[in-house]
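Participant: So the chains spell out like this:
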Amino acid sequence: MTTIEPDRASDSIIFGPPPLWDGEDAARYNHFRTQVLADIEPDDIAERVLTYDFVVTEWELSRLRILLGNLIRANQYRGLCEVLTPLMGLLQAKALSEGWFARKAEAIEEANKVLTSAGLSMDTVMAQTFSVELDVIERINRMIEAAARRRNNCLHEIYRHRETLGQTLRRAVQQLEDGQLHVIESPSIGTKPQ
Amino acid sequence: MTSVTKTKSNRANARSSTGPKTGNGRARSARNAFRHGLSVPTHPDPAMEEAIALLARQIAGPDAPSEVEDTARRFAEAHMDVGRVRSLRHDIISRALADPKYDTRANCNKKVAVALRIARKCAQSEHIPEDELKLLDSKLEGPDKVAAIFREIARRLPALDRYERRALSRRKLAMRNIDEARVRLLDTRANSGEPA
Numbered sequence: 026m027t028t029i030e031p032d033r034a035s036d037s038i039i040f041g042p043p044p045l046w047d048g049e050d051a052a053r054y055n056h057f058r059t060q061v062l063a064d065i066e067p068d069d070i071a072e073r074v075l076t077y078d079f080v081v082t083e084w085e086l087s088r089l090r091i092l093l094g095n096l097i098r099a100n101q102y103r104g105l106c107e108v109l110t111p112l113m114g115l116l117q118a119k120a121l122s123e124g125w126f127a128r129k130a131e132a133i134e135e136a137n138k139v140l141t142s143a144g145l146s147m148d149t150v151m152a153q154t155f156s157v158e159l160d161v162i163e164r165i166n167r168m169i170e171a172a173a174r175r176r177n178n179c180l181h182e183i184y185r186h187r188e189t190l191g192q193t194l195r196r197a198v199q200q201l202e203d204g205q206l207h208v209i210e211s212p213s214i215g216t217k218p219q
Numbered sequence: 016m017t018s019v020t021k022t023k024s025n026r027a028n029a030r031s032s033t034g035p036k037t038g039n040g041r042a043r044s045a046r047n048a049f050r051h052g053l054s055v056p057t058h059p060d061p062a063m064e065e066a067i068a069l070l071a072r073q074i075a076g077p078d079a080p081s082e083v084e085d086t087a088r089r090f091a092e093a094h095m096d097v098g099r100v101r102s103l104r105h106d107i108i109s110r111a112l113a114d115p116k117y118d119t120r121a122n123c124n125k126k127v128a129v130a131l132r133i134a135r136k137c138a139q140s141e142h143i144p145e146d147e148l149k150l151l152d153s154k155l156e157g158p159d160k161v162a163a164i165f166r167e168i169a170r171r172l173p174a175l176d177r178y179e180r181r182a183l184s185r186r187k188l189a190m191r192n193i194d195e196a197r198v199r200l201l202d203t204r205a206n207s208g209e210p211a
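Residue numbers (our numbering), protein chains in the order written: chain A, 26 to 219; chain B, 16 to 211.
Possibly wrong hints are sitting among the right ones.
Using C-beta positions, here's what the derived DEER-type ranges look like [to be verified]:
{"hint": "1", "chain 1": "A", "residue 1": "115", "chain 2": "B", "residue 2": "62", "range": "55 to 63 Å"}
{"hint": "2", "chain 1": "A", "residue 1": "159", "chain 2": "B", "residue 2": "157", "range": "17 to 25 Å"}
{"hint": "3", "chain 1": "B", "residue 1": "132", "chain 2": "A", "residue 2": "49", "range": "39 to 47 Å"}
{"hint": "4", "chain 1": "A", "residue 1": "49", "chain 2": "B", "residue 2": "32", "range": "48 to 56 Å"}
{"hint": "5", "chain 1": "B", "residue 1": "32", "chain 2": "A", "residue 2": "36", "range": "51 to 59 Å"}
{"hint": "6", "chain 1": "B", "residue 1": "47", "chain 2": "A", "residue 2": "147", "range": "46 to 54 Å"}
{"hint": "7", "chain 1": "B", "residue 1": "35", "chain 2": "A", "residue 2": "52", "range": "47 to 55 Å"}
{"hint": "8", "chain 1": "B", "residue 1": "153", "chain 2": "A", "residue 2": "131", "range": "23 to 31 Å"}
{"hint": "9", "chain 1": "B", "residue 1": "125", "chain 2": "A", "residue 2": "113", "range": "21 to 29 Å"}
{"hint": "10", "chain 1": "A", "residue 1": "180", "chain 2": "B", "residue 2": "65", "range": "25 to 33 Å"}
{"hint": "11", "chain 1": "A", "residue 1": "36", "chain 2": "B", "residue 2": "132", "range": "19 to 27 Å"}
Derived pair list, reagent style DSS-like, types lysine-lysine, alpha-carbon separation capped at 30 Å [said to hold, decoys possible]:
{"hint": "12", "chain 1": "A", "residue 1": "119", "chain 2": "B", "residue 2": "160"}
{"hint": "13", "chain 1": "B", "residue 1": "154", "chain 2": "B", "residue 2": "136"}
{"hint": "14", "chain 1": "A", "residue 1": "129", "chain 2": "B", "residue 2": "160"}
{"hint": "15", "chain 1": "A", "residue 1": "119", "chain 2": "B", "residue 2": "125"}
Worth flagging that the hints you see were computed from the coordinates, not collected in a lab. For every residue, glycine included, the Cβ atom is placed at its ideal position computed from N, Cα and C.
Same shape as in the complex, but just chain B (with noise of 0.2 Å):
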């Protein structure tokens, strides 16, 4: 069994030696886990919460009662929900697609390892094969840059589609429960001979 005074030791020892030190070292540790964002609700960003409000305000209408309000700004965050896992997916695909010097991982290894081949053939004034060459100088284009692009981020986009799925389902679901609170509105105006 550890004694008290190891255990002490220990714990001195790692509070000395663990973690990041400076603020700047703290502040990039703690967006270690930090992917894409998304499971992040939309309120912290004052430009999304502007849309928010004007989309709310929107579906709300002028006069709208309290629960019609508080469905509309459940609506309206959920399409931004939408927007933003629609907005992330369009840009990791077409910053690839843009990228003239893109290409994927496991070709960017081939070629460090023909560089490093050609480099030692070369300190040994040795025949450097065509093939090898080109390789270094290839580039991806149309189809074929598509399709690896394709192959690149398909581990991700499985989950932004998740996060898409989750975000239109709450905004079916706001949707369907302003045009109830709608029915039950006019519903009551009609019976009470207000105009509908």
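Same shape as in the complex, but just chain A (with noise of 0.2 Å):
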């Protein structure tokens, strides 16, 4: 596993080390991190801190996303196997969606020829799936949706935080402007210049 390098030193103290699962790619958590930064550009620490919570959150996000697909995926069987049970009994009907998932291509022409004899689709087996994960699939779905507000308050933040010193800026710089220039007499008509 590649080890990422902190951009500025007191980085790992303040952000503390980067919220990888065992197995996922520090090298592409590591691009990520660097193309969000240079692409927000944060110009202070408070717009660090934020950035870096925005990354983390993200990460978190698609990390969620991802584990939601894989674990419908992997349940399919499951949810054919509920599906086939009451048109051919348990045992057969494990055996059969066993035999599916490993891709066994008898195992699908006799797994689609049962479904489509009862006038059932896999949309059908989809739904079964659902059902038999519906309870782990709303809670990622619950944190999915909680690392998205997350991650939108950061950019809000970063937004506001932006508006109002870039605000007060250009506020100060006027009125500063203000007080220094001089206005300048311009000469009447008809006067000769001295």
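Fit chain to chain and form the complex, with the hints in mind.
Facilitator: So, in structure tokens, the structure goes:
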């Protein structure tokens, strides 16, 4: 696994270690973080804190989405087994769905045949898969929602911070210029310049 | 009604029979209510204190007024609290994922029951079904393991989320206060003709 080099010496103290799970690609995380830092270009440490938060929550969000997809794919055979059980009995349905999951050609053909003969399709299997793992799917979805909310809050706070300081700096510069600039009287028409 | 003598003897008995006696026992029971330590402020930890001071200094900047310094410290404390919650959540999940022998409590109980049944059958020289042996040897892997972990830790996650939300809210408020203080400072400097 590639180690992640902190951008600044104090980063590891302030932001802690990268939030990677076992087996996650550290180089990919590093690349993503560098990209985001380059895009947002944090001006001060407060923006840097918020940008790091954005990186962490976005990484978490994408991880949870991948996890949800994998979970549904890996449990499709359970959904298939549940659908096939009333049609052919538990033992046969179990053997067929395991064969289908192992992508055995004859099992796939047989499963499709049984489903078609009962007027069902893979959509039914997907629906059943959802109902089998609904508890975990709902839980992960709630975590996805929470992560998305946190990520949006980070962006909102960065914009608000920039807006507040930007406006103030503009006003301050304006006031300073107004105070320093002197009005230059133009010579009146008809008078000869000295 | 309980007599005075009875009450006295009850109290004396209770004093001599309840609670830990040794120093180790007392130290252990003092941590009975300890769950994750997130409700305790970060200051007692010297490493954390150092990180808070470093971040607060960076946030406040040089020659900051005391108002900004105080708020910067509140910001830093809240930020470290956010980090603590996240690190705890990360630890719980990644430790379970990295554990090759990880199993759910329900599965462990089932395995113990099967093991006891097998032991009984062995003692009586009975046939042991293949399924039971397979179950004893089974391990959670891949998405099944992830699903099991999420099912197991689900009860703890909302509590952690609550701590994180509170810390984030404190940090947001501190940041807004810092910005407001800076705006006031810049306005004052501009009005007095000082460089911004």
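Participant: Output the numbers, in ascending order, of every earlier hint that fails for this structure.
Facilitator: 11
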